[in-house]
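Q: Sequence:
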Amino acid sequence: MQSSPFDDEEFQAAMREMGIGHRPGMAAAHMEQIAPLLADEGIDLDSFSGSAAELDAALARASERYNLALLTPTGVHLQGSIAVLRVFVQARAEGDLDRAQRILVSIKPDETDTRPAISHVTGVGVGRLDDWGRAKDTKRIVATVKPQPWNAAAGRVARKLLELAARGRAFAGLGDLINRFGGLAVYEGTAVAVAAVVRAFSLRRKVSVREACDELLGGEDDVALLDVLTPEDDRVLDAFDAWVEEAFPDSAFGDDLVEFFIVILQVARESGIDPHDPAAVRDLLIALADTADATTDGESEANAVLGMLHDTMHEYVHFRLQMDRSPADWEAAHELVQSLLPDEPDDPLEDLLDELSAGESGDVDERRAAVAEVLVVSAVPDLLDWIGDGRPATSSGTAKRADIGTVASLLGIDAEGVDRMPRGWARTEKRAVMAMNDIPELAAWWDALAAVGAIDAAPGRLRPGPGAALWRSVEGPALEDAETVVGIFLATSITHHMVTRRSATLAGWDARAAELLADRLIRAVADDDHPTDEVGPDAIFGVRVERDLAELARLGIVRVTPEGVIDVPVGLRLTVLRGVMAASRFFDDEGAEPSS
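Heads up: the sequence shown begins at 1 in the numbering used here, then just goes up one per residue.
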């Protein structure tokens with residue numbers, strides 16, 4: 001048996017950094033904030049004796065009321081929110097993407113005396129979308145318009161918001177979107193959706209976009225939101241953007257650098273610092289640290305933001321060293337910025353991955369034989385036979401309600417699609433769902449198969465993907481594709497409930513259960529598993545974790561001994577570890593506790 005890394009304090013610390021570890025009080029702050037709203041529902045958490053279903057429903061209602069208050073600005077913040085949307089809409093229509101991006105990043109999570117918060121702009125924009133989805137003059141536009149390109153996450157949010165707004169349900173679906181995509185993507189997606197409607201309205205009415213803004217949004221253009229940057233800042237921003245595009249082509253990191261550089265320029269100007277003077281870099285770094293502390297919630301988030309600001313400053317100084325007329329002036333600034341960058345820490349999970357790759361778990365034949373036994377791999381040919389040349393699908397590319405039972409049976413799941421859920425809370429052996437994605441296993445399977453090209457899940461039509469022929473062949477798919485399917489399936493299964501819960505509080509509970517499941521799987525890969533403790537703060541999650549492990553065992557991904565110990569087949573250990581690591585990065589990205 002290989003030595004366990006779990007006795008290593010550095011390993012334990014790294015796991016905590018990745019979100020795998022107990023964090024006391026998760027969701028407690030949110031519960032404290034909505035406690036008065038729960039009291040209005042007649043629920044006292046200290047003495048509640050009702051069912052879990054009643055509590056879930058009350059939490060959902062209270063969270064929606066809490067979100068409504070957060071997202072409904074008044075006075076100067078209302079006017080500022082409208083101004084942000086107006087300026088963004090007009091800049092986007094004119095093709096001035098830098099200006100459009102600048103107005104978005106100028107708004108921070110917390111409001112100031114003169115500027116709205118991100119949540120304010122989101123609330124105003126989503127409210128207008130719902131209004132337009134109901135209004136006679138605009139409802140057809142909302143139902144048919146396609147948003148102009150922005151980043152991928154914001155584009156998905158914009159399309160979903162327009163779909164919901166066509167039914168007057170955009171605000172009602174806001175909590176779910178924030179849990180799935182994060183508050184920033186929803187903020188940007190809201191602006192993109194608003195811009196699409198206003199632009200389409202201007203074309204239909206044959207008026208300018210500004211006139212369309214006047215009619216649909218009201219308010220005024222507040223150019224003061226943009227005046228903080230100078231013409232010199234604009235020139236350097238354009239040059240830095242071009243340099244980043246060459247240094248980091250088609251890179252999300254490059255996009256982040258430009259976005260954070262705009263923030264750096266704004267902080268510099270608001271602090272009276274010249275961002276183009278190498279002698280002022282020390283003062284600028286201090287101002288950035290103060291900004292990170294003031295605009296984030298908690299030390300962990302502040303450190304993450306400050307880390308990205310330091311990375312951006314590092315690349316900005318590199319840009320200056322390469323492009324400036326006097327690059328030697330920036331050498332001292334480079335040393336100063338570099339001294340703030342942390343040494344790259346050792347990643348114990350990467351070390352474990354390397355160890356497994358070098359050992360028996362890395363044997364190709366062992367891996368191929370093991371992955372072929374996993375049901376989400378072995379059932380693919382049957383799924384492709386069922387798809388044939390193509391089948392009707394939902395607008396999101398999933399199996400239609402009438403086909404859910406057939407698809408579920410391929411994974412050994414007894415389920416059926418229904419037009420309405422059974423009344424009451426009676427349970428039957430057959431799982432009744434209204435959409436395929438309500439079955440986590442099927443949602444994860446679909447994502448995994450689409451990722452490797454086994455299926456083409458286009459809106460309205462399901463077809464074999466470009467890689468389908470290999471999955472149907474005697475030789476079977478490439479080992480990498482088969483392992484990718486299992487890895488994505490596992491990662492998506494672990495995090496499914498975290499990103500689909502409407503209640504932020506319950507999503508926090510789901511996050512804790514997912515962390516414990518990931519912990520058990522990593523221990524199993526390291527031959528150090530033991531059953532969930534029957535006592536302690538996490539005892540409540542034991543049944544949930546054991547149930548999820550039993551489902552993974554049924555699918556052939558793990559085995560569970562009679563003593564409750566998890567055993568991962570040798571040939572699957574690399575794949576399971578990669579899948580869990582992907583899920584763990586999601587914990588880290590989302591901060592484990594979704595936004596309310």
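Hint data in this document are derived by calculation from the structure and do not stem from the laboratory.
Don't take every hint at face value.
Stated by the list, open to error - Listed below are the simulated BS3-like cross-link pairs for lysine-lysine, each with C-alpha atoms no more than 27 Å apart in a straight line:
{"hint": "1", "residue 1": "Lys146", "residue 2": "Lys136"}
{"hint": "2", "residue 1": "Lys108", "residue 2": "Lys136"}
{"hint": "3", "residue 1": "Lys206", "residue 2": "Lys146"}
Q: Does Lys136 lie within 27 Å of Lys108 when you go C-alpha to C-alpha?
A: violated (34 Å)
Q: Straight-line Cα separation of Lys206 and Lys146 no greater than 27 Å?
A: The given pair, whose Cα atoms are some 18 Å apart, holds under the 27 Å limit.
Q: Need the status of pair Lys146, Lys136: alpha-carbon distance at most 27 Å?
A: Between Lys146 and Lys136 the Cα gap is close to 19 Å, so the pair holds against 27 Å.
Hint compliance for this structure: hint 2 is the single one not met.
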